[in-house]
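Let chain L serve as the given structure and place chain R on it in line with the hints.
2 protein chains.
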Amino acid sequence: MDSFVVGVDIGGTGTKFGIVDNVGNVLFSSEMSTKKHEQINTFIDELYEKLSELIEKVGGFGRIKGIGVGAPNGNIYTGTIEYAPNLPWRGIVPIAKLLQDKFKLPVRLTNDANAAAVGEMMYGAAKGMKDFIMITLGTGVGSGIVANGQLVYGHDGFAGELGHTIIIPEGRQHPNTDQKGCLESYASATGVTMTAIELLKNSDRPSLLRDIPLDQLNSKVVFEAANKGDEIAKEVFDFTGKILGMALANFVMFSSPEAIILFGGLTKAGDLILKPTREHLEANLIEIFQNKVKILVSHLKESDAAILGASALMWE
Amino acid sequence: MDSFVVGVDIGGTGTKFGIVDNVGNVLFSSEMSTKKHEQINTFIDELYEKLSELIEKVGGFGRIKGIGVGAPNGNIYTGTIEYAPNLPWRGIVPIAKLLQDKFKLPVRLTNDANAAAVGEMMYGAAKGMKDFIMITLGTGVGSGIVANGQLVYGHDGFAGELGHTIIIPEGRQHPNTDQKGCLESYASATGVTMTAIELLKNSDRPSLLRDIPLDQLNSKVVFEAANKGDEIAKEVFDFTGKILGMALANFVMFSSPEAIILFGGLTKAGDLILKPTREHLEANLIEIFQNKVKILVSHLKESDAAILGASALMWE
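Sequences listed follow chains L and R, in order.
Convert by adding 12 to the 1-based position in the first sequence; the result is the number in our numbering.
Convert by adding 12 to the 1-based position in the second sequence; the result is the number in our numbering.
For reference, chain L alone in the conformation it holds in the complex:
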């Protein structure tokens, strides 16, 4: 009899989950709110109820090998979510144990970007690769690193915080970490918005973006303006790609990946961001690395990717 795994992707706003077969098909999936659960126990109860329905559809709990979970600051060694700023639960949450006790199934947890990297390695753009880096460019910047065919967890399980590496010393201040000039302050949806505001302030050149109230300015609006040929909007993406390319060059000189897989909202800007990124990546590499590394955009369906990635932890 076939067996299946469950993938759960816990995000700040919502949690997605689904049943996955051993070739990466998401058979059934659903989602629920994370935010409304101030208590972890009520979150677990609702997840149990909703997941049980899906599990029954594939023949019951006996068919399930285990549950893979991706969550911000999820730690594979301890099975705990530790001090995740975007989740409603404070401190250290022993989520793997709580799920294990409730579902009576094996549970593996890692952070969401690591889970996505495993998903890419098993079903996506990194299939067959042993050395690659996965970067998610969303509200923030997440990352998962694979070297020698294995996720790099580091001694404490927290490796791969590439969004927090410093790219511009004494640069833009990060609102949460107080760091100055880290990648996330530039190459995220939030960073794009901040760059747009800066460029608008620092010149009086005309721009479609000037018609938009500051509190409605976001990366999508900037993308639309750039597509209409707006010079300032295009500059925003050039600048973002410049910073991202420089950062990627540093990552390449660290672990020499075969490819860097980009994922998340900002990749929708396509060549607007990818072209300057590639250019500045190559410009900052020393010769032995030039014209070798592929920059790929994940082709997994966004709604499935998170679930697939988490579930893949159980096949790993």
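Heads up, some of the hints might be wrong.
One copy or two, it doesn't matter: identical chains are merged, so the pair holds either way.
Claimed, not checked - The calculated lysine to any residue pairs, modelled on SDA-like cross-linking and capped at a C-alpha distance of 25 Å, are: (1) Lys232 - Gly36; (2) Lys304 - Pro84; (3) Lys304 - Tyr95; (4) Lys139 - Lys240; (5) Lys306 - Gly36.
I should point out that these hints are in silico values taken from the structure, not numbers from a laboratory.
Relative to chain L, chain R alone:
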């Protein structure tokens, strides 16, 4: 009967080699010039002659398990040295094959910093660690990265060029690579000298260093002046430590090592450089990494370390 391995460390000026037992004792060692051999074949011939003498002392070729070689731009996958700017041989040198044919023994090659990392893992400060980064601060900056207990080679064998990561965008130009603002331009013996020259030029404050002709200024002289309390000389190390600490923070947020092992000439400056390095490392880390990572100085005898590291490739 005990068996032994040979370690060979090929440097731009000289090559060191020795016979090592399985607990890391260098039983016999010697060295020869690299520089004088414009042809790789005469280099191999002299190495064979000199090494044979040592091998006879431990009972002949039958006792030797193999030869481990560390060399700049040495590639473990191909057994070749590729475009090493500091060696007399141009292009791609199939050194592993040449040695194998000559000695009729298994040969493993990697770059010198990777070899040093293996040496530290087997016999040195990183004994028992599964996640650490080795950084050599000499004329240049080399590095070897260990994650999940394995050297990170990358898809092409060239991972770990941390000396070439960009720390100060648009910063100091590197004389060989033309990169601007890479770590090696600051945190090397050469970088220290350049910083001293800059600081002397940019002020007219008194300094012991002003008595020294520019072409005799080097990191050792700056160290001696700093030890005598010279303010500018101390500032040179503060600045060097600041850049190094910032770079190390980025490396920690990449692979979350248990320790960073420092090695090479600059570490002799002790707390002059280590104190600002530690300070700026911590200041640039996000919270989950703070006060966790050890900064250790290699305690292997410098003359042995290179041979041990190379030989350890054969026990690996």
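Status of the hints after comparison with the structure:
1. Lys232 - Gly36: For Lys232 and Gly36, neither the intra-copy (31 Å) nor the inter-copy (60 Å) Cα distance is at most 25 Å.
2. Lys304 - Pro84: Classified as between; 20 Å across copies, 31 Å inside a copy.
3. Lys304 - Tyr95: between (38 Å within a copy, 16 Å between copies)
4. Lys139 - Lys240: neither (36 Å within a copy, 59 Å between copies)
5. Lys306 - Gly36: within (24 Å within a copy, 41 Å between copies)
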